[in-house]
Amino acid sequence: MYSSETNSAWHKKGGTLSDKSARKEFGITQEEIIDAIRDGRLQYRTNNVFGNPYLRLIRSEVEAFVDEKYGNDYLTKKKNQE
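Sequence positions in the sequence shown follow the numbering used here and run 1 to 82.
FYI, nobody ran anything at the bench for these hints, they're computed from the structure. Beta carbons are placed, not taken as given, at the ideal position from N, Cα and C, and that holds for glycine. Keep in mind that the hints are not guaranteed to be accurate.
[Claimed, not checked] Capping the alpha-carbon separation at 20 Å, the derived lysine to aspartate or glutamate pairs in DMTMM-like fashion look like this:
(1) Lys-12 - Glu-32
(2) Lys-78 - Asp-39
(3) Lys-79 - Asp-67
[Unchecked claim] Pair ranges (Cβ atoms, derived):
(4) Val-49 - Asp-73: 16 to 24 Å
(5) Lys-79 - Lys-13: 18 to 26 Å
(6) Gly-15 - Pro-53: 19 to 27 Å
(7) Gly-51 - Lys-78: 29 to 37 Å
(8) Thr-76 - Gly-51: 33 to 41 Å
(9) Phe-50 - Gly-71: 24 to 32 Å
(10) Lys-20 - Leu-75: 27 to 35 Å
When you get a sec, could you build the whole thing from the sequences and use the hints?
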């Protein structure tokens with residue numbers, strides 16, 4: 001899980017997203033994100049903007065988590081709604 005491929009995702013443009021963006025884009029809750037982090041399914045880094053903290057998540061891991069939890073059709077439907 002902590003391969004060099006994953007490490008490069010932290011630096012790749014569009015490779016990460018905030019917890020707030022993940023909630024909006026994928027329709028998951030903060031509790032689901034925290035549970036996935038605790039279970040080791042999502043990596044995160046803490047960051048802040050103007051003193052407001054947030055979690056940075058790897059987009060591909062969030063997509064895999066959503067696929068696993070809700071199925072492949074969920075992401076397709078969610079993207080078509082936008």
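Okay, the hints, checked on the actual structure:
Simply put, Lys-12 and Glu-32 have alpha-carbon atoms about 25 Å apart, too far for the 20 Å limit, and the pair is violated. Using a Cα cut-off of 20 Å, the hinted pair Lys-78 and Asp-39 is violated, with the two alpha carbons roughly 25 Å apart. Of the pairs offered as hints, the one joining Lys-79 and Asp-67 holds, with about 13 Å between alpha carbons and a cut-off of 20 Å not exceeded. Checked against the hint of 16 to 24 Å, the pair Val-49 and Asp-73 fails, with Cβ atoms roughly 34 Å apart.
For the pair Lys-79 and Lys-13, the supplied restraint of 18 to 26 Å holds, since their beta-carbon distance comes to about 19 Å. A hinted range of 19 to 27 Å holds for the C-beta pair Gly-15 and Pro-53, which are about 20 Å apart. One distance hint, 29 to 37 Å for the beta-carbon pair Gly-51 and Lys-78, holds here, with the actual separation near 32 Å. At about 38 Å, the beta-carbon gap between Thr-76 and Gly-51 stays in the expected band of 33 to 41 Å.
The supplied range of 24 to 32 Å is broken by Phe-50 and Gly-71, whose beta-carbon atoms lie about 38 Å from each other. About 18 Å separates the C-beta atoms of Lys-20 and Leu-75, a value inconsistent with the hinted range of 27 to 35 Å.
Hints 1, 2, 4, 9 and 10, counting from the list given before, are not met by this structure.
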